[in-house]
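Asker: As a plain string of letters, each chain reads:
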Amino acid sequence: MREIVVEPLSRVEGEGGITVQIDGKRIKDVRFDIFEGTRLIETLVVGKSPVEDVSIVCRICAICTLSHRYAALRGLEKALGIEVPPKVQWLRSLMHLGECLESHSLHVFVLALPDFLGYPSAIAMVDKYREEVMQAMALKKYANRVMEVTSGRMIHGENPTVGGFGRYPDKETLLDFQKQAKDLVLFAEHGADLVAGLEIPSFFEEDTVFMCCEPGDSGYGLVGDHIRISDGEVVKVEKYKKLTNEKFVSHSTAKHCLYKGKPYTVGALARVNNLGDRLKGRAGTLYKKYWSERWLRNPFYNNLAQAVEVVWALEQIPRIVDNILKENEDPKIVEPTQKDGEGVGAVEAPRGTLYHHYKMKDGLVADANFVIPTGQNLEDCEKYMRKAVEELLKRDSDDETIRLQCEMIARAYDPCISCSTHMVMIER
Amino acid sequence: MNREKKSVGLYGFTGCNGDQLTIIHSADKLLDFFESAHIKSFSLAKSDNDDSELDIALVEGSISNQEQAEHVKEIRKRTQLLVAIGNCSCYGGIQAMDLGTKGWDRRFQKVYGDGFLKLRTPIESKPIDVFVSVDFYLPGCPIDADQFFFCYAHFLQDNTPVFPDYPVCAECRWRENDCLLLKGILCLGPLTAAGCGARCPSNNLPCVGCWGPMKEANVGSEFHLLKEKGFSVEEIKRRFRIHTGSGMMKPLKKILGVL
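If you're matching them up, the sequences are chains A and B in order. When we follow my numbering, the leftmost residue of the first sequence carries the number 7, and every step to the right adds one. When we follow my numbering, the leftmost residue of the second sequence carries the number 195, and every step to the right adds one.
Heads up, simulated DSS-like pairs for lysine-lysine below, C-alpha to C-alpha not over 27 Å straight-line: (1) 253(A) x 266(A); (2) 367(A) x 421(B); (3) 444(B) x 409(B); (4) 409(B) x 377(B); (5) 134(A) x 199(B); (6) 377(B) x 338(A); (7) 223(B) x 147(A); (8) 365(A) x 296(B).
Since the hints were made in silico from the structure, they are not lab data.
With the hints as extra help, turn the sequences into a complete structure.
Answerer: Here is the structure:
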């Protein structure tokens with residue numbers, strides 16, 4: 007029996023690995039192993055106040071810190087009967103776009119691109135692709151700055167709080183964000199073209215299901231109170247357990263998810279596949295230029311979907327800044343109207359739909375449940391790795407080829423392992 | 195002067211990866227960081243990593259399974275200097291907020307049921323100095339990039355960085371913020387090590403204590419002040435625990451013992 011083991015899987019966030027077991031020409035097992043340490047975060051937030059909760063849950067993950075905070079805020083505010091004014095909503099959108107930009111540019115240009123161009127890291131690409139690497143860094147720096155200003159720090163900023171913000175950014179800073187976004191969009195387009203030029207192997211293509219938040223205003227967006235599924239269904243976020251059906255597997259500290267018994271994909275690819283025809287401007291042009299039905303069958307297009315979303319986010323920011331600036335008054339923090347209640351908050355984290363579900367009692371968290379994008383993608387990721395190994399075995403590929411293909415598929419999903427790991431797991 | 199480049203390894207155990215990301219986020223300095231030394235291991239950023247001898251090991255994250263405990267011991271054996279970066283590594287982080295309260299088995303059961311992990315043997319999350327000796331502690335959740343590069347430059351020159359021994363309150367004063375404690379808000383500034391630049395109080399929000407305890411902090415005084423302000427003992431204890439686990443609780447225990 008052959009065994010191909012990747013441990014640890016590099017250039018992903020968190021501790022994971024891949025195990026492929028082959029018996030002659032037959033696959034015995036293909037696993038995306040998750041061995042990130044257990045943190046038991048759901049149990050730690052019980053008994054905490056809402057502001058303490060958001061300070062804890064944002065620290066589930068450093069890349070998706072604001073998505074966790076945002077999902078928690080949405081869930082907690084529903085449970086506590088808080089409605090925030092428009093300026094708060096717009097500023098939250100801005101911080102969320104900052105994170106989406108940061109995460110995507112990190113993944114596309116620093117973590118994934120080296121695979122396609124045959125380098126061990128983005129740093130090693132500098133000699134030949136200096137301009138691209140420097141531009142990607144500039145883009146990332148801009149996104150980090152948006153996150154820093156809106157949230158109070160690059161990572162785990164406490165400024166977005168229950169009921170509003172501690173402080174609002176000044177006009178000059180916001181106008182500067184607007185101007186820089188307009189400059190950076192040119193590179194972002196070039197970056198998308200670069201990613202679109204990469205050869206995408208087709209030998210493991212297979213249909214799947216896509217899921218994302220339905221923004222509800224017939225536009226493209228990253229939050230919603232409904233979930234849109236590629237089979238045409240639209241479901242309220244409160245019914246999230248019916249969509250995700252978490253199950254336990256023994257090789258992962260993150261739970262796997264199935265929709266109607268089938269694996270599914272969340273993230274940029276799911277959003278572009280489900281909502282891409284709503285994209286306008288340069289992002290819309292890129293979508294029309296590059297989207298094909300292969301996007302429905304091949305996870306590698308996630309990289310290009312992320313590159314398209316980078317352009318979309320940069321086009322959104324000037325519009326959102328305008329909306330923030332329309333509101334002169336900085337709203338005071340809105341206080342809870344009730345101490346007991348229940349709420350589900352869903353946002354699109356960079357890697358896909360993130361749910362935070364809270365039950366509140368006497369103003370404190372009585373129960374909490376989080377469903378994480380990477381956990382939802384694990385089953386689909388394993389499906390594609392298995393298919394790839396099957397096909398490669400037919401061609402008598404060597405271990406090195408199998409290893410690299412599996413790594414690239416895993417990395418295309420942009421797994422965020424810290425995030426996914428806080429979950430239940432029982433011996434299969 | 196021509197010095198031999200030092201060998202450096204970065205390792206991430208249990209946590210959010212925010213400390214390694216803080217280094218990656220320092221876009222302009224990142225290329226210099228990679229050129230300043232032989233970066234032997236940094237699996238978040240590159241795939242050609244090895245387990246060779248090191249001059250400096252930078253370790254993020256808490257230890258939450260037997261395998262990680264063995265790994266950090268193995269890193270200790272092949273490095274001259276071992277630096278704990280970030281609160282998880284220094285204090286155990288948020289996942290160790292209840293360390294020492296004996297509730298871990300029950301909480302583990304609640305999340306993981308009766309099943310067990312096939313690939314790892316989980317233990318209650320602990321700071322790395324429970325398992326190895328640590329040469330330098332760089333706290334923060336996450337670390338501050340300027341503070342990190344300040345320290346890192348010292349390490350490359352075989353020097354030990356010296357940190358200010360004052361609380362967030364000092365930085366808060368320099369920024370001319372109004373005192374939140376005086377407004378009756380539960381702020382941990384007086385107890386928390388400086389280094390963040392008093393970010394939260396500067397945003398009109400209380401310090402949550404994410405830099406860990408300041409040495410010599412007057413925990414008793416803050417505790418009594420908060421009680422006078424009308425906060426319950428339960429709430430004060432809860433806040434003290436969240437980011438620093440048992441760090442701030444040890445002195446509090448002494449006080450609560452004589453209450």
